[in-house]
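**Student:** Here are the chains, one letter per residue:
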Amino acid sequence: MNVLVILAIIAVMVALRFLKPTIVVWAIAWWFAVFAMANYGIDPPVPTSVTNMFMAIVTIALLAYVTAAEGRMREAGESLVAFFTSKKYFIPLVIMLVAVPLLVAFNVYSSMTTQPAPPAAGRTIHPPPPATVSFKGRTVDLNNDVNPYRHLEDDDSEAFAQHVDNGRRVYYENCVYCHGDNMAGDGHFAHGFNPIPANFQDPTTIAMLQEGYLFWRIAKGGPGLPVESTPWASAMPAWELFLSEEEIWDVILFLYDFTDQRPRAREVHE
Amino acid sequence: MRDPLPQRLGESRYFWGLSRERLAVAGGLLAAAAAVLLLAPIEAFASAPQDAANPAYREFPVVGSRVIMWVTAELHLMFAAFVLAVPMFAVIIEIIGYVSGDKRYDALAYEFTKLLSVSFSFTASLGAMLTFLLVVLYPALTDYLMSIFSWTFFPYVALFFLEAIFLYSYYYGWGKFNPKTHIFLGIMLNLVGTGIMFIADAWLTFMNTPAGISETGELVSLSAAFMNPMWMPINIHRIIANIAFGGSVAAAYAAFQFLGAKTDEERAHYDWMGYIGNFIAIAALLPLPFAGYWLGKEIYAFSQSLGITLMGGTFSWLFIIQAILIGNLFLAANYYLWVSMERIEGAERFRPYIKYLLIVIAGCFLVWATPHSLVASVEEARKMGGAHHPVLGVLGVMSAKNTAVNILILTTFLSFLLYRRGNKAPTVSWAKAGNIAQIAIFVSVVVFVTFLGVYGYFVEASVRIGLSVPQVLSVIFCMIAVTTIDVFMYRNARVTGKIKWGQMSARSQYALFFIALTFAWTMGLMGYVRAGMRQHWHVYGVLEDTSVDAFTPTLGYASNVVSITVLIFFVFIAIVFWLAGLSGKKAWEPAVKAGGEPGEEGAE
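Residue numbers (my numbering), protein chains in the order written: chain A, 1 to 270; chain B, 1 to 604.
In short, the hints are calculated from the structure, not lab data. If you're wondering where the values come from, they're calculated on a predicted model, not measured in any experiment. Worth double-checking, as some hints may not be accurate.
Claimed, not checked - Here are a few chain A residues that sit away from chain B, every Cβ distance over 12 Å (derived from the structure): (1) Leu7; (2) Arg72; (3) Phe83; (4) Val100.
As the list claims (entries may be wrong) - Computed Cβ-Cβ distance ranges for the label pairs, DEER-style: (5) A:Pro118 with B:Ser125: 28 to 34 Å; (6) A:Thr22 with B:Gly175: 52 to 58 Å; (7) A:Thr22 with B:Ala440: 50 to 56 Å; (8) A:Asp43 with B:Gly466: 31 to 37 Å; (9) B:Ala440 with A:Ala233: 35 to 41 Å; (10) B:Glu59 with A:Ala233: 31 to 37 Å; (11) B:Val391 with A:Ala131: 33 to 39 Å.
Even for Gly, the Cβ is constructed at its ideal location relative to N, Cα and C.
Excised from the complex, chain A in its bound form (with noise of 0.2 Å):
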């Protein structure tokens, strides 16, 4: 977060208040308020698609609130007619008619001269698994079958520790130059993807998921990804190729083990 952007805002909005402005121009003053919060507030920075939806809910909720008491309505009516009528707002109305088109015009043109970029991701989503995998002739139910190993985290800490170091193992061996020292995404190659690889330490990205989901991903990379839905885009390999089954369920217990994360359990139909 900005901090010195958002008290810049505060300060704004408090000094407006003394000033006791029309409704209409407390409605702006809330409408880039909000604006200004979205787009130099929050760091890093809103994607443009979050920020057009904030602003359309925020002017819908201006509109309520000016038009939900006929008070307001009339004092609303009242002060648009006086800006563009009485001779006192001449400046600001020439002002403000000089304004719009000049930032339409430099919307245009500032849209017209950015470099060329691949277009926004438009569908980042969970890709489904399907209910059964095949891995080296033996099938693996996803829905049902657990990791092997978690049980030992309570049964045997010793034999569990030993199947996470494994996975310690496996994964700087093998993961890390895409997902990176910490996990979160950020290896050596991960500036060469589009999307870029997932970060293990959000707590909403494996967290939210069984294990058996991670089997799947990880064993069968980017080219088995499900036939619906598509086009997918991950370069991730398929596992299944270079490691066995143990290391892969080892591997998805180091994940949880070092960003310090629990798999989602399965549900129970009630």
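Go by the hints and put chain B onto chain A.
**Tutor:** Same frame as chain A, but now just chain B:
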């Protein structure tokens, strides 16, 4: 002063702001489109090439088989929802009228019921069309579903007959039976209607979460197939959603009549009717998200793959659209209450609080609509370190969204409390203590719900989802406890001003239209999600879709089909409104010529 548009609506030249000439053109185009579809040569229903004698699919001309099935099924569902919902609240309003002796409630219940007769015929016609289309266009799927459910068709038909008997005896028997007998007919109508829905729900939920069949798809247990994992969650979700939808359409009918009303009495009546319809819709909307959680949980429990497709995969973006629609619904519902307070003398003292309510509502709306994975350019994604924003990303998961929805519900409830208190002042000695208790309950529940929301980030995902239960229970406790205190506190309250029914701005009525339209749109969208999440399966994991349509359409295409379906529904519902309004019109009389002789043209 009223807005000019309703005055224009009252003029014969205009109908919904369109001149007769434009209406004629639009009607002509619609009729031409219908004619192209209906009069297309039978050869146009081309068979799929795989087996000329027993094709698995036939192609519907122009729009294709999938779209015609999709639109017809959705229209049938919308009318069915309306026909099932209206008797539920009509009979409750009738009972209130009978118990209180207030004839206004009886008249209101009858006014709601007037909408049913034509709607029932529309529902049946669309149901027949849906069946024919299924048999003609998807014969292999129809055969398979018949092999599973054929024995359920007979009770369905029997219940349909009973539905017709109870519905028409309830409608035509108004005022002609003993009130208790009439209420009994209404209750039976509801029971039979619910039974019909439960049977039809078994067919459609089986397609998503099949059960009671062997590995090769043969029926093993009809009861297991019938009561498949998704069946009861859909039943409950639909009952609640139907009431919300039915209430909103009835409120839109009242708004329609309000805007065209000629007298103050009419305006007062339809203002009140709109208020009651909207109250029913919003009261049913409040528990709807909770029924939705259960439904989603059962889908995830049945298949991780279906669950991810639904909420995290292909269809996850439709839930962002849903969040925006439902956020707008809550905003519009609150807006209607705030505008309604303008007609209550004394309610102006609550006006300063509205901005705080709005800030909370807008804040919750923003949280609810924030996606988990953001649409971003490569540059934006690199700055964020992935598709998830380090700050906003935490708002994209269930913990934040559940918290936002629960607070949204509580805020809407608070708006209603303020509305209810508008022209009243409590006379009980403990009023101050009562207010403090209510505030304490509100604050503690908001703190508790927020705490659980934050706590959810530190526990395993399935535990996090389980936290929605205490969140929901605490919100329900808050609403019941605060309402109970309020009822006793405002018993024998001093009335400080009048409610000036009928003195409402036109924009409040447009808010009612907006609410009905948004309900219909949400229903169409979520209906698509429910069916679409099977992707290339007719019956998930059992019967694969091998037709030319075995692909998931883009979100934009799906949204367009849903929008067109909603438009068609509202054209049909406008016909229902018009027909329902005919009963109140004067009888036709021949025009009188200047000389006193009847003319050939009927008087308008």
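**Student:** Can you list which hints this structure breaks, lowest number first?
**Tutor:** 2, 5, 7, 9
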